[in-house]
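Chemist: Using the UniProt record's numbering, you'd call the opening residue of the sequence shown number 1 and step up by one each time.
Accuracy of the hints is not assured; some may be wrong.
As the list claims (entries may be wrong) - With a straight-line cut-off of 27 angstroms between C-alpha atoms, the simulated DSS-like cross-links for lysine-lysine are: (1) Lys171 with Lys157; (2) Lys3 with Lys98; (3) Lys3 with Lys30; (4) Lys3 with Lys38; (5) Lys98 with Lys171.
Stated by the list, open to error - Restraint ranges, calculated between C-beta atoms of paired labels, are given here: (6) Arg59 with Ala5: 41 to 47 angstroms; (7) Gln58 with Glu166: 46 to 52 angstroms; (8) Asp234 with Gln153: 24 to 30 angstroms.
None of these hints come from the bench; they were simulated from the model.
If you're wondering where the values come from, they're calculated on a predicted model, not measured in any experiment.
For each residue, glycine too, the CB sits at the ideal point set by N, CA and C.
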Amino acid sequence: ALKLALTTPRQDANRWLGDYGSELRDDALKLALLEENKLLPEAQNTLLSHLADEAYGQRWLSTQESNALFLAGRTLQDLPGSWQAQTSVQAEPLSGEKAQTRNLTGDQLAALQVTNTGQQPLWLRLDSSGYPQNAPQPGGNVLGIERQIFDTQGQQKSLSSLRSGELVLVKLEVTAKRNVPDALVVDLLPAGLELENQNLANSSASLQENGEVVQNLLNQMQQADIQHIEFRDDRFVAAVAINEGQPVTLVYL
Numbered sequence: 001a002l003k004l005a006l007t008t009p010r011q012d013a014n015r016w017l018g019d020y021g022s023e024l025r026d027d028a029l030k031l032a033l034l035e036e037n038k039l040l041p042e043a044q045n046t047l048l049s050h051l052a053d054e055a056y057g058q059r060w061l062s063t064q065e066s067n068a069l070f071l072a073g074r075t076l077q078d079l080p081g082s083w084q085a086q087t088s089v090q091a092e093p094l095s096g097e098k099a100q101t102r103n104l105t106g107d108q109l110a111a112l113q114v115t116n117t118g119q120q121p122l123w124l125r126l127d128s129s130g131y132p133q134n135a136p137q138p139g140g141n142v143l144g145i146e147r148q149i150f151d152t153q154g155q156q157k158s159l160s161s162l163r164s165g166e167l168v169l170v171k172l173e174v175t176a177k178r179n180v181p182d183a184l185v186v187d188l189l190p191a192g193l194e195l196e197n198q199n200l201a202n203s204s205a206s207l208q209e210n211g212e213v214v215q216n217l218l219n220q221m222q223q224a225d226i227q228h229i230e231f232r233d234d235r236f237v238a239a240v241a242i243n244e245g246q247p248v249t250l251v252y253l
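Working from the sequences, and respecting the hints, build out all of it.
Modeler: Structure, rendered in structure tokens:
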């Protein structure tokens, strides 16, 4: 019966609205029963490892899942916590009765080896964070967007040569492969730059006071079906309807 319970997968195809169960809940209850009756220690370790992966990827837990995890974890707290390990990071062995954390560099992580030198099962978790060396390629299945930077006279400008207090004009051209009546365009600002809110009557700079090229861009923007526009502290936001084959021009200062 135990073998059948552990090897029979949950049939999600048979789920219905009145079934609040899940694979996570069932695995947690199996583990709780095995722990309570001190049965199949190897199966307990396998279940615990699988359960940790399931719970880590969950965005939320149902009431039954939370209760099942509580029952499974209640017995685990009473297990002896003494452990020993040897790592490739340092020559001295690690030991203790509680979890320990270490910060590793990229080179240390690439060559990391951990050996359990104790008698109890040892659980290891790795969390990594970093930034890509190269900017990711532009993506988008339906919408496409291009950005161009101009000075206030309509000449193309590079952000790498800005001076304090200098104004630049940003043109966004948004295209769609099909009609998108509720597109939300969000353009994040680089650090150190601020938007000039054109909705304010006393704005320190106005797009209406610039050259012919800028006025042409503003005329293109007026043709767009803009539902809402915001000039926030760190981003430009526009809710706009975009039709297939009809690019939308958005401009901000």
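Chemist: State for each hint whether it applies.
Modeler: Cross-check of the supplied hints:
| no. | hint | verdict |
| --- | --- | --- |
| 1 | Lys171 with Lys157 | holds, 11 angstroms |
| 2 | Lys3 with Lys98 | violated, 33 angstroms |
| 3 | Lys3 with Lys30 | holds, 11 angstroms |
| 4 | Lys3 with Lys38 | holds, 15 angstroms |
| 5 | Lys98 with Lys171 | violated, 56 angstroms |
| 6 | Arg59 with Ala5: 41 to 47 angstroms | violated, 28 angstroms |
| 7 | Gln58 with Glu166: 46 to 52 angstroms | holds, 48 angstroms |
| 8 | Asp234 with Gln153: 24 to 30 angstroms | holds, 27 angstroms |
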